[in-house]
Structure formats: C-alpha cells, structure tokens
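Listed below, chain by chain, are the residues.
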Amino acid sequence: MNWLRIFFLLALVSLRHDLRAGSLAVTVKDAKGAPVSDAVVFARGKGSESQTAHSKIVIDQRDKQFIPYVTALQVGTSVFFANTDNIRHHVYSFSPAKKFELPLYSGIPAKPILFDHVGFVTLGCNIHDWMIAYVAVLPTPYFQLTGDAGRTLLKNLPAGEYTVNVWHPLLKGAPEKYSQQVTLAANGTPELVFALDLKPDFRTKRAPGLSTGDYR
Amino acid sequence: MKTARSRFISVLLLALSLSGARADWRLGGETGAVYESNISNSDRTSDVRDDWAWRSNVRLSNGYQVLRDLRLTLGADLRGQVWGRFGAFNEIGAGLSAHLRYRFGLGRRAPWIALEERIGYDGFQETGRSNWDESLTLRGGIVISDRLALEAGYIFKNLAASDDFFDEQSHSANARLIVDLTSSLQIALGYSYRDGDVLSYATPSRPDIFALASERRPVTTFGSNPLYTAYRLKAQTHAVSISASYALTKYISAQVAYRYSTTSHDPLHYENHSVEARIAFAY
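Line order of the protein sequences matches chains A and B. Take the first sequence: its position 183, counting from 1, is numbered 183 in the numbering used here, and each next residue is one higher. Position in the second sequence (from 1) plus 216 gives the number in the numbering used here.
There's no promise every hint is true.
List time: in silico EDC-like cross-link candidates among lysine to aspartate or glutamate, alpha-carbon distance up to 20 Å [what the hints assert, rightly or not]:
(1) K466/B to D201/A
(2) K64/A to D285/B
(3) K172/A to D362/B
(4) K466/B to D129/A
Stretches of chain B that chain A covers, calculated by requiring three or more beta carbons in the stretch to come under 8 Å of a beta carbon on chain A [stated by the list, open to error]:
(5) 316-325
(6) 394-404
Rather than coming from a laboratory, the hints here were simulated on the basis of the structure. Remember, it's a predicted structure, so these values are computed and weren't measured experimentally. A virtual CB, placed ideally from N, CA and C, is assigned to each residue, including glycine.
Kindly produce the complete structure, drawing on both the sequences and the hints.
Written as structure tokens, this is what we have:
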C-alpha cells in the first residue's frame with residue numbers, strides 16, 4: 001500500500017514538473033543566412049546552477065572517423081572512446097579543458113575519460129590526421145545540437161529566466177558573444193534565432209592531397 | 217647490390233605477408249595524362265620532340281605504428297605509362313617500399329621527418345632501358361599555420377639498366393610550400409635541383425655535345441628517319457612547379473600540375489614544360 005502511495009506521489013510531482021516546463025525553439029544560421037548544423041545550443045537558468053552529471057556516454061571511431069562529429073555533454077560526464085574499426089587509433093586532445101591521450105588501442109578502453117572542466121575540447125587521432133571531433137563540456141543539463149536545417153528544440157526546461165548561448169567548432173570568438181536572454185513561461189515555446197560568424201572550414205581531407213608527410 | 221636488393225625485397229615480402237593482424241591497409245594511386253614539351257632533352261628546336269602519355273600507378277601499403285611517434289609503412293606498387301608517339305618509353309613497373317616516419321609530437325601539426333627506400337623493376341618497350349630502380353628519400357616537413365605547410369627533401373636515385381648505356385644516377389633536393397586555399401583546394405609551389413646523368417638526343421651528330429658526353433650511341437627511340445644520337449652526360453637541372461589538388465569525395469581528388477625545368481651542362485642547355493592532369497584516390 002505504501003509503495004502505491006509513493007508511486008502516485010512521484011507521478012504527481014513529475015506531472016507538476018511537466019506542467020511547469022517549457023521549451024525553446026532555436027534556429028542557428030551563418031552570416032549569409034544558411035542553416036548551421038552541429039551547433040551546440042545551451043541554456044543556463046538564472047541563479048540555479050545545475051548539479052554535475054555523473055553519466056557515461058560513447059564516442060565511436062568507425063571507418064576512420066569520429067562519430068559523432070560534435071558531442072555536447074554536461075560537465076562531470078565520462079566518455080568511452082570506442083574503436084569499432086579493426087585497426088588501432090590513437091586519440092588525443094591538447095585543449096585546456098581536457099588534455100589527454102589514449103595511445104594505440106582497439107575496442108573499448110576499460111576506463112572512460114572524465115570531462116571535469118567546462119570548455120570546448122578538440123579531439124584528434126595521431127594516426128589518421130583527418131579524424132577530428134569536438135566535445136562541448138557544458139555547465140548545464142539543458143542543451144541540444146542543431147540538425148541539417150539549423151534548428152533544434154530544448155525541451156522540459158523549468159519556467160524561468162535563461163541565458164541561451166551557441167557554440168560551433170568554426171565559431172569566431174567565444175560563445176558569450178552569441179548570447180540571448182529569454183524568460184520561459186510554463187508550456188511556452190519561445191523561438192530564438194542566432195546568426196553566427198564562422199571561420200572557413202580547413203579540416204584536413206581524407207582524400208589524397210599534395211603533402212607527402214600525410215598518412216600513407 | 218643484388219644481394220642487398222634481394223634481402224630488402226625478402227624482408228619486405230615477409231613483413232607484408234605476416235601483417236594480417238591489426239592491419240592498417242591503404243590502397244591508393246593516380247591515373248591521368250601528362251604532356252612533356254621536350255621528351256628528347258634537346259637544345260636545338262629542330263631536335264625537340266614532344267609527346268603525351270597516360271600514366272597510372274597503384275599502391276597497396278600497410279602501416280605499423282611502431283612507437284607513439286614512429287610509423288613504418290610497407291608498400292607494394294605497380295605503375296605504367298603509355299606514350300602517344302614514342303612507344304620506346306612505354307613502361308610497366310613494380311616496386312616495394314619501406315617508409316619510416318617520425319613525428320616530433322602528437323597530431324598533424326607536429327614536425328616530421330621520413331626516410332623511404334624503394335626498389336623496383338621497370339620494363340620498357342625499348343628493352344635496353346629496362347632497369348632495376350632504387351631510390352632513397354629523406355624528407356621533412358613542418359606545418360606553419362592552419363593553411364601553410366613546408367616540406368623539403370633529398371633523393372638519391374639509381375637506375376641499373378639492362379643496357380649500361382641507360383644507367384642513371386642522380387641526387388636531388390627539393391622544397392615545397394603547400395597552401396590550403398579552401399577546405400577542398402590545396403596548391404603547392406615547388407623548387408627542385410637535380411645533379412646527375414641525363415640522356416640528350418640530337419640529329420645529326422653533335423661534336424660539341426660529344427665533347428661533354430661520357431658516351432654516345434645512335435638510337436631508334438624517335439624513329440629511324442632521322443636517326444637520333446643519344447648522348448649520356450652529367451647535368452644540373454633547376455625546376456619550379458605549381459600543382460593543385462581538389463578533393464572531390466572522401467576518397468578521390470582531381471589534381472593538376474605544371475613544371476618548368478631547365479637543364480644545363482655548358483654549352484648544352486635545354487628546357488622542358490610538363491603538364492599533368494590526374495585523378496588520385498586513396499582508400
């Protein structure tokens with residue numbers, strides 16, 4: 001009987017939380033108005049710092065590419081760098097937010113990498129120079145990545161005031177430069193539009209180039 | 217030389233055959249057309265012969281990360297070229313190579329140095345040219361910025377032909393500046409200096425060149441009317457080049473290259489313009 005009461009109590013709390021929650025619809029474009037995919041949109045509530053996450057996620061290496069290209073996670077999250085190729089990879093990062101190295105391995109390393117500082121991390125493979133990926137380590141649980149249409153929806157945010165920022169691997173300047181304040185009412189879905197100033201994409205191509213020092 | 221060559225080939229074949237585990241195989245190559253404005257290496261306009269060829273090569277290699285910063289790549293290649301007019305230069309060849317690259321740190325921006333040894337056999341339609349071909353290459357490079365990289369190298373090349381007249385030895389040094397203009401388009405500006413054997417062809421016989429040459433011989437390389445005389449001599453070549461590569465897909469690039477070279481051994485002096493368009497692939 002007591003379990004039944006607890007269940008109904010939890011369901012009520014959850015329902016109340018949902019009733020008080022809203023969403024944010026965000027569109028991200030570049031300076032020319034073209035949709036920007038893989039942009040990280042994150043919202044921070046005023047005066048309510050979120051607790052550190054303790055979850056674990058996986059970034060894969062498949063067909064000599066990191067999958068996904070951009071990962072957003074809350075600070076405190078651990079990442080398993082799986083290698084599902086049948087060759088070895090050598091993952092590294094020089095980024096101040098997380099410097100690490102996973103020398104030459106196959107499969108899934110026994111220990112994940114803990115991302116314990118907020119910031120933006122660039123990943124590379126020391127064997128395959130074209131392999132690159134990014135991790136956005138965020139101080140909030142409210143984040144999403146934009147899709148091909150440059151749009152995303154942040155769901156189930158408690159009503160309140162938020163600062164919304166956008167980050168992208170090619171972003172010129174800090175994400176604070178692209179900041180908007182929004183007041184979210186219960187069941188509301190305000191729409192925000194960001195126009196980003198992006199750097200040219202100079203990612204190393206896998207296709208053969210002119211350098212003789214590349215992977216060969 | 218033959219013993220060393222046999223040992224090198226045996227070791228490479230053994231290593232390639234044993235390398236199934238954790239193999240990091242890579243298949244690559246190029247195919248395309250090349251035009252040479254002075255294939256006869258002649259200094260007199262009336263002697264100059266130009267031609268174009270279809271040239272292809274394919275490589276299968278396997279990479280081993282020996283240490284964190286040291287990578288050994290063993291490869292086998294096949295190559296061939298078919299000339300439009302002068303079939304004597306038609307060639308098919310095969311080779312084995314060992315490439316050792318050391319990086320001074322992690323990532324693509326780390327400076328690197330590489331040593332490569334390649335041994336191959338090239339069969340020519342003019343059979344006297346068929347040769348064992350050995351080259352030793354030492355190269356290094358640095359990435360200056362996201363868009364700029366600089367490479368420099370030294371190459372020793374030795375061709376031991378079935379007919380000694382076509383033997384060739386050379387030393388060359390080169391440098392290239394590679395620029396990423398866009399995410400897909402790369403260009404390279406290069407300079408090279410070569411010191412070594414060349415064959416220069418002329419008709420009729422040229423006593424002035426003969427005075428410089430170590431050997432001469434009438435050849436049918438350019439036909440028998442007129443019959444050319446080939447002069448074997450040592451000369452110095454300066455060359456500048458510009459090339460571009462455009463990534464079409466994840467595995468394929470379209471590449472074009474132009475090279476101007478000037479070769480001299482006073483008073484002999486000749487020039488060559490070379491243009492090449494090719495498709496490069498790597499999987």
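How the hints compare with the structure:
A C-alpha spacing of about 15 Å is found between K466/B and D201/A, which places the hinted pair at or below 20 Å, so the restraint holds. Proposed proximity of K64/A and D285/B is supported: the alpha carbons are some 19 Å apart, at most 20 Å. Distance hint between K172/A and D362/B is fulfilled; the C-alpha atoms sit about 15 Å from each other, no more than 20 Å. The suggested pairing of K466/B with D129/A holds, with an alpha-carbon distance near 13 Å, which does not exceed 20 Å.
For the region 316-325 of chain B, the stated coverage by chain A holds: 5 residues have a C-beta nearer than 8 Å to a C-beta of that chain, and at least 3 were required. Against chain A, the region 394-404 of chain B contributes 8 residues with a C-beta closer than 8 Å to a partner C-beta. That satisfies the three-residue criterion, and the hint holds.
No hint from the list above goes unmet by this structure.
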